[in-house]
Amino acid sequence: MKFMVIVKATKESEAGVLPSNELMEAMGKFNEELIKAGVLLAAEGLQSSSKGARVKFAGNSRTVVDGPFAETKELVAGFWLWQVSSKEEAIEWVKRCPSPHEGECEIEIRQVFEMEDLSPAMSERVRRKEELLRAQIGQK
Amino acid sequence: MSGTDIQRAIDAVWRIEAAKVIAALTRMVRNLDLAEDLAQEALVVALEKWPAEGIPPQPGAWLMMTAKHRALDYFRKTDLNSRKHEELARELNELERTTPDLVTPMDDLIGDDVLRLIFISCHPVLSMESRAALTLRVVGGLTTDEIARAFLTPEPTIAQRIVRAKKTLGQKNVPFEVPRGLDLAARLSSVLEVIYLIFNEGYSATAGEELIRTSLCEEALRLGRVLAELDAPEPEVHGLVGLMEIQASRSRARVNANGEVVLLMEQNRALWDQMLIRRGLTAVERANGLTRARGPYQLQAEIAACHARAMTAEATDWGRIVALYDELARVTPSPIVELNRAVAVSRHEGPEKALSLLEPLLADPMMKSYHLLPSVRGDLLARLGRHAEAEAEFERAAAMTRNERERTFLLERARKSGDSA
Chain H
1 MKFMVIVKAT
11 KESEAGVLPS
21 NELMEAMGKF
31 NEELIKAGVL
41 LAAEGLQSSS
51 KGARVKFAGN
61 SRTVVDGPFA
71 ETKELVAGFW
81 LWQVSSKEEA
91 IEWVKRCPSP
101 HEGECEIEIR
111 QVFEMEDLSP
121 AMSERVRRKE
131 ELLRAQIGQK
Chain F
141 MSGTDIQRAI
151 DAVWRIEAAK
161 VIAALTRMVR
171 NLDLAEDLAQ
181 EALVVALEKW
191 PAEGIPPQPG
201 AWLMMTAKHR
211 ALDYFRKTDL
221 NSRKHEELAR
231 ELNELERTTP
241 DLVTPMDDLI
251 GDDVLRLIFI
261 SCHPVLSMES
271 RAALTLRVVG
281 GLTTDEIARA
291 FLTPEPTIAQ
301 RIVRAKKTLG
311 QKNVPFEVPR
321 GLDLAARLSS
331 VLEVIYLIFN
341 EGYSATAGEE
351 LIRTSLCEEA
361 LRLGRVLAEL
371 DAPEPEVHGL
381 VGLMEIQASR
391 SRARVNANGE
401 VVLLMEQNRA
411 LWDQMLIRRG
421 LTAVERANGL
431 TRARGPYQLQ
441 AEIAACHARA
451 MTAEATDWGR
461 IVALYDELAR
471 VTPSPIVELN
481 RAVAVSRHEG
491 PEKALSLLEP
501 LLADPMMKSY
511 HLLPSVRGDL
521 LARLGRHAEA
531 EAEFERAAAM
541 TRNERERTFL
551 LERARKSGDS
561 A
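Here the protein sequences line up with chains H and F, keeping their order.
With this note's numbering, letter number 82 in the first sequence gets 82, and the count goes up by one each step, no holes.
With positions in the second sequence counted from 1, the corresponding number in this note's numbering is that position plus 140.
Because the hints were derived from the structure by calculation, they are not lab data.
Predicted model, so just to flag it, every value in this text is computed and none were measured.
Just so you know, nobody snuck in bad clues.
With a cut-off of at most 27 angstroms between alpha-carbon atoms, the simulated DSSO-like pairs for lysine-lysine come out as follows:
#1 K493(F) to K556(F)
#2 K95(H) to K189(F)
#3 K493(F) to K508(F)
#4 K73(H) to K8(H)
#5 K51(H) to K8(H)
#6 K189(F) to K87(H)
Kindly generate the complete structure, drawing on both the sequences and the hints.
Shown next as structure tokens:
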């Protein structure tokens with residue numbers, strides 16, 4: 001299963017302060033570990049929201065609002081895409097991550113939809129089939 | 141954390157650390173069987189202590205240290221090798237004096253150790269199925285129960301397979317090392333074969349009804365990606381990773397809402413996972429950067445890449461695919477490659493020419509019970525308007541396959557041909 005691991009913004013990251021060399025180095029090492037473990041699929045860091053924009057939808061109207069945006073702690077400053085075997089494994093990896101900003105900050109872990117999540121009828125069928133197979137091979 | 145939460149958290153730690161811990165211990169005690177026992181003992185200690193004390197900040201180092209203490213106890217008790225004992229005690233002391241940081245591996249040897257572990261668990265003295273089970277267990281960190289479910293095999297069978305495999309490695313004194321020179325190529329191909337077997341078991345289940353068992357594909361991809369990041373670049377490793385990434389990119393498009401097979405040419409390409417395709421193409425480039433003498437996985441990855449690059453089925457570069465199959469047939473001549481080459485030729489030069497290429501295969505004993513031969517012949521005959529012959533071929537193919545989904549699909553094609561005849 002895949003998880004998107006989201007680094008939230010801070011006042012500094014929103015102000016465009018670049019991470020220190022030490023942090024860059026530690027992050028590089030961490031990414032290397034993720035790659036060596038076959039976990040890392042993709043990773044990007046995002047520039048401050050002042051360089052972004054929002055498009056608001058209401059019926060047929062589209063309104064463009066330029067950044068920066070106020071709710072700093074809810075903004076995304078970067079993300080990884082990981083392939084792991086459970087949410088717990090994703091958490092375990094996140095705990096090993098160097099603190100992504102100086103000071104207090106947050107990393108959010110979100111599971112990516114897979115085909116079976118999107119088609120409940122099918123997963124129900126898959127589940128029943130698996131129960132049957134388990135019964136056939138004599139497992140609980 | 142509740143009891144189950146902590147249990148799941150410990151499982152997760154184990155998934156991440158198992159290979160490193162088992163590999164480092166195997167190097168020390170020179171016996172995979174004993175090393176795995178010691179690692180399991182460390183895990184049991186963790187299961188006893190962590191629920192009360194919490195998961196330590198460096199769980200990997202903790203497991204390694206605990207396992208090494210167990211190893212030390214073991215040598216003290218058996219006292220078989222006092223030199224080994226001293227060596228181990230010294231290593232432990234060093235480990236305890238230096239506090240490893242959270243991220244970097246506890247020692248530089250770890251990458252090499254994991255590589256050795258992969259080579260030993262895929263050793264040719266073991267049967268293919270034993271290699272696959274042992275590799276998932278010691279390198280992948282899966283439980284016996286998980287492996288049994290993935291292979292739809294009863295748990296005791298898998299457990300026994302693993303126990304026997306470890307005993308065999310001990311009895312045959314298989315060294316814990318990365319093979320060198322001429323040996324390396326043969327041993328590496330054994331490793332790649334195991335990974336691709338695991339992938340294919342997940343991708344096109346040989347038995348049972350479900351076509352794709354995603355977890356096995358993911359496991360194989362993970363093993364492949366681990367192997368690709370260890371040093372000593374081998375083009376075929378990247379070739380295999382590229383092949384698996386690109387095949388996996390089509391998982392969503394391969395089966396429709398009713399769980400039926402959708403052929404490559406009829407798949408909705410918008411469902412292909414573009415990220416996996418990009419990763420696959422990058423792996424192919426890495427392989428190409430290392431060699432001009434392309435190996436079988438690299439060539440198959442190139443063929444998969446041709447399909448991945450085509451925005452529509454019509455845009456497929458069949459000329460290039462035929463040329464790649466020609467090269468593949470030279471590198472690894474086999475009736476299955478010939479069969480696939482014929483399919484490509486049928487798209488490039490028409491079904492008539494392809495049908496003639498299949499003639500020699502009809503007498504090949506290897507193809508006698510291979511359902512794809514009559515299945516492909518049926519398709520070519522149908523395209524030539526020879527519907528009655530096509531119907532017979534599809535029926536023959538349906539009788540040969542072990543996969544229920546595929547059988548339904550083939551019988552449906554037989555019926556359609558019968559209607560047109």
